[in-house]
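Protein chains in written order, with the UniProt record's numbering: chain G, 1 to 399; chain Z, 1 to 399; chain U, 1 to 399; chain F, 1 to 399.
Keep in mind that a hint or two might mislead.
[Claimed, not checked] Capping the alpha-carbon separation at 27 Å, the derived lysine-lysine pairs in DSS-like fashion look like this: (1) K277/G <-> K381/F; (2) K273/F <-> K277/G; (3) K66/Z <-> K29/U; (4) K277/Z <-> K277/U; (5) K277/F <-> K284/U; (6) K273/F <-> K29/F.
Because the hints were derived from the structure by calculation, they are not lab data.
4 protein chains.
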Amino acid sequence: MTSRESPGTPSVASRPLGVAMIGYAFMGKAHSNAWRNVASFFDVPVFEQKVLVGRDAGQVAAAAAKYGWAESATDWRSVLERDDIDIVDICAPGWLHAEIAIAALEAGKHVLVEKPLANTLAEAEAMTDAAKAARARGVQSMVGFNYRRVPALALARQLIAEDRVGAVRHVRAAYLQDWLADAESPMTWRLNKETAGSGALGDIASHAIDQVLFLLGDSVTEVSGRLHTFTTVRPGQHGPEAVTVDDAAWATLSLASGAIASIEVSRVATGQKNSLKLEVYGEKGTILFDLENLNELGFLDATAPVREQGFRRILVNEPDHPYLDAWWPQGHIIGWEHTFTHEIRDFLSAIGAGEAPSPAFEEGLAVQRVLAAVEESAAAKSATIQLVQPTGATPTKGA
Amino acid sequence: MTSRESPGTPSVASRPLGVAMIGYAFMGKAHSNAWRNVASFFDVPVFEQKVLVGRDAGQVAAAAAKYGWAESATDWRSVLERDDIDIVDICAPGWLHAEIAIAALEAGKHVLVEKPLANTLAEAEAMTDAAKAARARGVQSMVGFNYRRVPALALARQLIAEDRVGAVRHVRAAYLQDWLADAESPMTWRLNKETAGSGALGDIASHAIDQVLFLLGDSVTEVSGRLHTFTTVRPGQHGPEAVTVDDAAWATLSLASGAIASIEVSRVATGQKNSLKLEVYGEKGTILFDLENLNELGFLDATAPVREQGFRRILVNEPDHPYLDAWWPQGHIIGWEHTFTHEIRDFLSAIGAGEAPSPAFEEGLAVQRVLAAVEESAAAKSATIQLVQPTGATPTKGA
Amino acid sequence: MTSRESPGTPSVASRPLGVAMIGYAFMGKAHSNAWRNVASFFDVPVFEQKVLVGRDAGQVAAAAAKYGWAESATDWRSVLERDDIDIVDICAPGWLHAEIAIAALEAGKHVLVEKPLANTLAEAEAMTDAAKAARARGVQSMVGFNYRRVPALALARQLIAEDRVGAVRHVRAAYLQDWLADAESPMTWRLNKETAGSGALGDIASHAIDQVLFLLGDSVTEVSGRLHTFTTVRPGQHGPEAVTVDDAAWATLSLASGAIASIEVSRVATGQKNSLKLEVYGEKGTILFDLENLNELGFLDATAPVREQGFRRILVNEPDHPYLDAWWPQGHIIGWEHTFTHEIRDFLSAIGAGEAPSPAFEEGLAVQRVLAAVEESAAAKSATIQLVQPTGATPTKGA
Amino acid sequence: MTSRESPGTPSVASRPLGVAMIGYAFMGKAHSNAWRNVASFFDVPVFEQKVLVGRDAGQVAAAAAKYGWAESATDWRSVLERDDIDIVDICAPGWLHAEIAIAALEAGKHVLVEKPLANTLAEAEAMTDAAKAARARGVQSMVGFNYRRVPALALARQLIAEDRVGAVRHVRAAYLQDWLADAESPMTWRLNKETAGSGALGDIASHAIDQVLFLLGDSVTEVSGRLHTFTTVRPGQHGPEAVTVDDAAWATLSLASGAIASIEVSRVATGQKNSLKLEVYGEKGTILFDLENLNELGFLDATAPVREQGFRRILVNEPDHPYLDAWWPQGHIIGWEHTFTHEIRDFLSAIGAGEAPSPAFEEGLAVQRVLAAVEESAAAKSATIQLVQPTGATPTKGA
């Protein structure tokens, strides 16, 4: 690219957008899959999978070859200096989000960062400031709450927005996993507060809270919460180590609309593998969802005659459903990984249109504030914490 | 009663109707439960549980005391002679149905007979002739296809009759049990053609076929069928004995409307306990049902916008649903046994109103003709059998 | 009865036990059904349905006739004076429980009282004192947490007691109904704190909490809770009236074992009719239950090879299952009402054996203490409340 | 490639395998997706997506660009002449299968052909002869019954092979769709016997029958069947046109083992989108499956104590499950399209190992014989047809 007008502005799209991705573990694999396939299903701006960045030169080179990236690199800073890179997709661990994202935005790269936005509220705030400044220069950013792109949840949001469930009274949101159910399962960086920030709270409650905000288009005013670690010591490489993050978390959230949401998340819910369960109860109807059956949406229309009311299983696989016209004929279900394909599609489309994609960092920050309030309440024996809404906050709003 | 006007006419209802029941095994227990409770929930003509009849004097006396019958007796013929008996409920084994029912009808007693109507077509025809003659004298009769009184199935029939599923194209009916899955399960009279007539065919395919006719209000024109016995020898009291009835049966039925029904029944469907599954596919919608969840009806309305179509689980427990206003508040499910409570209620109500209850013996005979055709086809290597509809047949019609 | 030895001791069982029931509304109808049928299915001490008590002479007489009671009466005090009454079943509203129960116990009558034990903690304590004193004289008492007698939940308790789920980590208990979802649904005594004590909390959270204690055999040490009324004014007979009880309640309970339970109950969960949902997550397995499918128990055995692990739907309808040998062959499901039949059976059996039935009033009081703590915490913005366990408390233990 | 030894033998693998695909409609899109992604998840021989073949030059060029093919072409014969093409994947309509496949095999190309193998039995036999001859020269071939690669069904086959369900007694196989439920849905080549061969029979009963053979490792000895067209005239481009294929089909199959399978397929089963339902009932257990929830397998182990038996929902998403170690962490479900990814993986692995992949054309022919027998029986009013097993037949056997 030769025609950059000024530092920190996006490049002119006279050539395919160049994409760099940082990180090649679980999320890197999932995002790569999305980049590799998005253009085979959706009309998106032309782009190239330029470079995959990781610390181990050999491993990152192998991953790049396997996942469809033209090159690999070990220094993310040098990648940010490249003129042929327009987009940076950050799949590195949470403690690196702020540093990389802010640098990338300042370098004029559009940024997609995995959720949660950051490990701490301070980092999230700094990132949001950087994103706001960059946005003014036409540099876009987005936080990767990929479950907004589950077609069934996008449909749920449509139904709620169209008043099909009426005024929402309460929401039940749970995210249940069991990969720590075995008390002998070993210590990892994910169980250390230094590296992970928090446990189930940041990892999966963040998704549950984001869904509440996304589905209802609402914001949180008060929080009461609790955290608990059932297994406090786990085998480490050199003997027993202390687990310093939560295994499970509970909260009730007061929403600005007057609705109340309960949140319950766990990594020790034996038998629940990846079950994000959402229930939205309104005056006119109800929405049910479970991520383990992500192609289905439960819906009850309470305005129908009582005689024929019932929870309906909508197989969200019709061309009329969000994102689905790109895929297969009806009834041919899609997998979890395509939440990322849809995310990349929406991210690229927004960049192509010169618009700000959603969820913005502000929305990631809103989730982060709730997470912090849960921690604060938990430390205060569940006493209710008021959330001060930042003045001029970008309202929580989805695609 | 002193004022009987002529032999074989029903008694004048100047006193509670006197009820006699014959048989006190499984069906006797279930019917007794219905007689004991029906008046506590429904407004029915006043009656008394007069006498329970069985072969073993001691056992029948104990059963009478336990199940709420005032007296017991061992000779059903003597009971038919009693003036204080107005109703005879026949729960004896199938091979006794014809003899008792015809005698009772000739004695002017209203008759309820368990399904299937009889063990043979000839018996069923004789019973139907007797019922027709008795009906002309005001003596009523009914065959106990109790599943017509499952509220969910009564609702299904309403929805179909109201054209909510449109023209029906095909029906899938299965009745799966597993009480013979163990090849070492012993020989019983139910596995002997002499005593049982047939196996799964008469016992449970009869229910499945009756439901097809009941739900659609249709009749059968052609049958192709198959029977099979997986375990042909079972341990008897004095060594191995031959099983002479079917373990499972399959059939396709052509219906007068142009619809096609498949029937599949089994007593060796491991893990299926009492699963009568019904699926009715029409131009406008679909009905699903499973007896193991008998308080629920599945319904899909294909006239709804595609985006929100889906199978709906109607919890058939609302006051608006058939029979349910008599029971508990919504969501408090009822048990299998109340299919009989509803049956007795409808039977008594019809008698009180001087009307013919449904299903009439003609309807039992219609099922019997299909069963016979399945046997005939099975013996002819599944070749299709035409059913001749009797001229002037009472159309198959439900409550 | 002529031979009463001393005031306040139970009568000698030289004749059938005489039963009086107070109240003939929803619970009166349900209990009557149980009394009318229990002896037809179970071997219990001989008893007679002597007298039904209610305020309106005409209505109670009609109810007595319909539900199988020999007589009716309008003054419960006079009934307590009758020597032929041995058992008093209290189905009157909660504000009458304490007065009637204490008087009955003092009169030497065995007492069954509907749940929750009382409207206030003070009443519950007084009742428990009375029960303790009476028990010493051989006079028994029981509180009617009927869901302990759902066969599936009795099985769940067995499996947990047999260590099949291992050490329990957390429990999710919800009781969701929707009969108040319509904001125009009228005011009733149940929505007035004076008469009802509380709303969803006392009515249905009491069941959820009792199940946690019953299933785990555990006790509560700390509570954080919240109450909310979504519709604060409803149409009364003479214009709008204030709703003074909760529509919904949330709580987290710390248990003595170290487990944590979440409780969520609602009367405005649109589409949920009577859904008591229980999930028990242990180190070795998991239990799932939903009252709308009360014949089923979900069970996951995490000690099985991973390849074949999964939630299992046990159709709790086998002779091997609790209470089920009395009923029908496998797969013939029973209804909600038989939770009471089983309750009466266990109550009568204990009386016959001269033993104290469970749940004792102490167990009802334990639930009441939790309810009170939820209210206290809710009033203190969800701050955690410590529960002081009474010294010498009867441990929470089930049948 | 320079070193071809003789005509009709496979090329030496001194360079990446060159792949050509013929057809770019639904199946072409699905197969392309598999080729594009297989190497990102599985270790397979190195290959290149060389050329996509279609009739319309412009459209096929666009499809090639979109789906990851280096070039496009319009003449499949010329592609067969290319030395750099080693593999031909035939996704063209059924009437072209025989001609292309035989030519490709004769040209020494490994061939994957979509199911069903052919439109007629004669074509299928010729193809099988060609495949057998080619196999002797080291040229491999496979028919694309992709559902063999659903992980849940691969697991089902394992469990059956390990005797976990015991001797199988009966199988219920249904494949229900509804894309023709609307009687006004227009005429297409798929509804014309000339072009499509048959309707639901060849299209979806072929899958159901293949699964019976695959899961049980069994063969068919006798068939009784029925075909029906519910909507016989549909709107064509120039007015009404006759539908000359079946909308639905029914059959019972006798298997060599003594088991009996029922088959029922439909394109007018309103509300059923893509529901291949399989139920395998054995002496020791049962398997259940539904393609609309393809990440789940139902399993009942009848050797467990009765008290705890129940249908188990295995979420087939563990590393221990077939194909799953390549994908995401547990509980992150995969989509329908990866049945093809697994198919291509197994096909490539077999080629790399110089082994014959399964299902071989012989297995496709076995299905075809059953389809032909269903048609023959249907034409003979469901009379039973004997199947002669070809001498020296390759036994039906899976991966």
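To see whether the hints hold, each was checked on the structure:
Restraint check for K277/G and K381/F: not satisfied, since their Cα atoms lie roughly 51 Å apart, outside the 27 Å limit. With a C-alpha separation of about 24 Å, the suggested pairing of K273/F with K277/G holds against the 27 Å cut-off. The suggested pairing of K66/Z with K29/U holds, with an alpha-carbon distance near 21 Å, which does not exceed 27 Å. The suggested pairing of K277/Z with K277/U holds, with an alpha-carbon distance near 26 Å, which does not exceed 27 Å.
Restraint check: the Cα-Cα separation between K277/F and K284/U comes to about 32 Å, which exceeds 27 Å; the hinted pair is violated. With a C-alpha separation of about 20 Å, the suggested pairing of K273/F with K29/F holds against the 27 Å cut-off.
Of the numbered hints given earlier, the model fails hints 1 and 5; all others are met.
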